[in-house]
Structures are given as structure tokens and as C-alpha cells.
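Visitor: Each residue of the sequence shown is one higher than the last, beginning at 1 in the UniProt record's numbering.
The hints are simulated quantities; they were obtained by calculation from the structure and are not laboratory data.
Being a predicted model, the structure only gives us computed values, none of them experimental.
Just to be clear, a hint being listed does not mean it is correct.
[Stated by the list, open to error] Subject to a maximum C-alpha distance of 20 Å in a straight line, what follows is the list of computed SDA-like cross-link-like pairs (lysine to any residue):
#	residue 1	residue 2
1	Lys81	Asp115
2	Lys35	Cys143
3	Lys159	Cys143
[Claimed, not checked] Pairwise CB distance ranges, derived in the manner of DEER restraints:
#	residue 1	residue 2	range
4	Thr21	Leu48	22 to 32 Å
5	Ser119	Asp51	20 to 30 Å
6	Ala190	Val135	22 to 32 Å
7	Lys159	Asn188	20 to 30 Å
8	Thr21	Gln136	20 to 30 Å
9	Ala5	Asp51	22 to 32 Å
10	Ala190	Val6	41 to 51 Å
C-beta atoms are modelled at their ideal positions from N, C-alpha and C, and glycine is treated no differently.
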Amino acid sequence: MTVEAVEELVPRGHVHRRITTVVEKLRELDSVCVKIQSEQCTLADIRLLVDACAVKYPVADYLATTAAIIHSPLFESAIVKLHNDLPMSADETREVEGFVQPLADQPAGAPKKVDFATSVVRKSKKPRLAGQMAVQYYPLLTCAPPTRNTCERLFSECKLVLTSLRASTPRANVETAMFLYANRGEWNCATLLSCTEDCDTAQAAAVDFGQTWTA
Numbered sequence: 001m002t003v004e005a006v007e008e009l010v011p012r013g014h015v016h017r018r019i020t021t022v023v024e025k026l027r028e029l030d031s032v033c034v035k036i037q038s039e040q041c042t043l044a045d046i047r048l049l050v051d052a053c054a055v056k057y058p059v060a061d062y063l064a065t066t067a068a069i070i071h072s073p074l075f076e077s078a079i080v081k082l083h084n085d086l087p088m089s090a091d092e093t094r095e096v097e098g099f100v101q102p103l104a105d106q107p108a109g110a111p112k113k114v115d116f117a118t119s120v121v122r123k124s125k126k127p128r129l130a131g132q133m134a135v136q137y138y139p140l141l142t143c144a145p146p147t148r149n150t151c152e153r154l155f156s157e158c159k160l161v162l163t164s165l166r167a168s169t170p171r172a173n174v175e176t177a178m179f180l181y182a183n184r185g186e187w188n189c190a191t192l193l194s195c196t197e198d199c200d201t202a203q204a205a206a207v208d209f210g211q212t213w214t215a
């Protein structure tokens with residue numbers, strides 16, 4: 001290959017600027033993909049990152065709060081508002097009412113004797129104070145992990161596994177290997193041995209049934 005041929009492949013000024021712009025955008029999106037794979041990333045963090053991406057890039061159709069991929073939009077929206085200490089709508093409150101933590105019974109002290117004017121003022125304030133009391137939810141609710149960070153982590157692991165050296169690997173083998181890897185905390189060598197024994201028992205039973213049927 002000659003120098004002239006190589007020069008033909010080198011991008012010119014405007015093409016180089018376009019490539020540089022695209023690379024910068026890819027770096028921004030890559031930083032978001034890496035961030036949402038963190039174990040410490042909450043639903044509120046995910047919402048901030050996705051909303052920021054939706055402003056700059058055309059991803060709102062499948063990453064917005066109303067996208068089809070969101071299975072429980074009201075539930076997720078309620079958790080995000082709990083993280084940010086924002087008031088929830090009536091529908092969002094109903095979605096998380098099962099996680100309301102019962103208020104501890106406060107010991108009632110002996111009523112103090114007050115004058116008529118003070119009692120009238122206190123009675124008028126009771127409904128307003130009751131409405132201002134914050135409802136306490138179980139801490140487990142705000143610890144709900146986002147679905148996206150787990151999925152993105154799995155996609156990244158699959159990308160590292162599916163290199164050019166494994167291009168001819170059957171899809172079923174890859175799916176089985178990644179499924180076992182993603183759920184490695186749920187099984188061990190004893191589990192595999194028990195599965196093998198169950199398979200051998202099932203095969204022996206099938207053979208016995210076949211022999212009995214043919215006889």
C-alpha cells in the first residue's frame with residue numbers, strides 16, 4: 001500500500017470534526033452505561049441519568065417513564081420521589097401503601113389544663129398537623145435495585161464473552177453458560193451432582209417404562 005492510498009483513507013477536516021463529535025457522544029453514553037451498572041446506583045440516580053440522556057439524544061421513546069419497557073411506572077415513580085423527598089400523587093401512594101410502616105404508639109401524657117382560648121387554637125391546628133405528619137415507609141422500599149443496572153451488567157458480561165474467538169459457539173451454549181454465571185450464587189457443585197443424579201434416575205425410569213410398554 002502506497003502513501004497516496006493511505007492518505008485517501010485519512011478523513012478530511014469536516015469529516016474529522018464529525019467523527020470527533022460522534023466519539024465524544026459515545027463517551028458520554030458509555031459513561032452512563034458504566035454508571036448504571038454500579039451496585040450503589042439507585043432508581044433516583046437512574047431516572048436522573050436517563051432524563052439527561054433523553055434531553056441530548058433521541059432515546060425518550062424507549063427510556064422515558066412512559067416507555068413500554070417500564071413494567072410498573074407508578075411504583076418506580078413513587079420510589080424515585082421517596083428518594084428525593086418529593087410529594088407523591090394519589091395513584092403513587094396507593095402503589096406503595098403496602099410498605100407503610102406502622103407508627104409507634106406514643107404514650108399519652110396527662111392532659112394539661114389550659115384556658116378556653118388556647119384549647120380552641122390547638123383544636124384548629126390538629127387537622128393541619130395531622131396532614132403534615134410524614135408517612136414512614138419500610139427502608140426496604142428505597143433499597144429496591146433498578147432493573148437496568150442488572151441488565152446492563154449482564155449485557156456487558158455477554159459482550160466480553162462473545163468475542164471473535166467464540167463466533168461459532170451455538171447460541172444455546174452461550175445462553176446456558178451466561179445463565180449459570182449470572183445465577184452462580186444460587187448453585188454449587190452439590191447442585192450439579194444432584195441434577196445429574198436426577199437426570200440419571202429419570203432416564204432409567206423412562207427406559208423401564210418403555211420396556212414395560214413394549215412388553
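Visitor: Hint by hint, note whether the structure agrees.
Guide: Structure-based check of each hint:
1. Straight-line distance between C-alpha atoms of Lys81 and Asp115 comes to about 42 Å, which puts the hinted pair past the 20 Å bound.
2. For the hint linking Lys35 to Cys143, the alpha-carbon distance of about 17 Å falls within 20 Å, and the restraint holds.
3. A hinted pair counts as satisfied when its Cα atoms are at most 20 Å apart, and Lys159 with Cys143 does not qualify at roughly 28 Å.
4. In this structure the hint that Thr21 and Leu48 lie 22 to 32 Å apart at CB holds, the actual value being about 24 Å.
5. Distance hint check for Ser119 and Asp51: the Cβ-Cβ separation is about 50 Å, which falls outside the suggested range of 20 to 30 Å.
6. Remark: the range hint 22 to 32 Å for Ala190 to Val135 is contradicted by a beta-carbon distance near 45 Å.
7. At roughly 27 Å, the beta carbons of Lys159 and Asn188 sit within the given window of 20 to 30 Å.
8. Range check, Thr21 to Gln136: about 49 Å between beta-carbon atoms, so the 20 to 30 Å window is missed.
9. At about 47 Å, the CB distance of Ala5 to Asp51 disagrees with the hint of 22 to 32 Å.
10. The hinted window of 41 to 51 Å between Ala190 and Val6 is violated, with their beta carbons roughly 60 Å apart.
Checked against the numbered hints above, the structure breaks hints 1, 3, 5, 6, 8, 9 and 10 and satisfies the rest.
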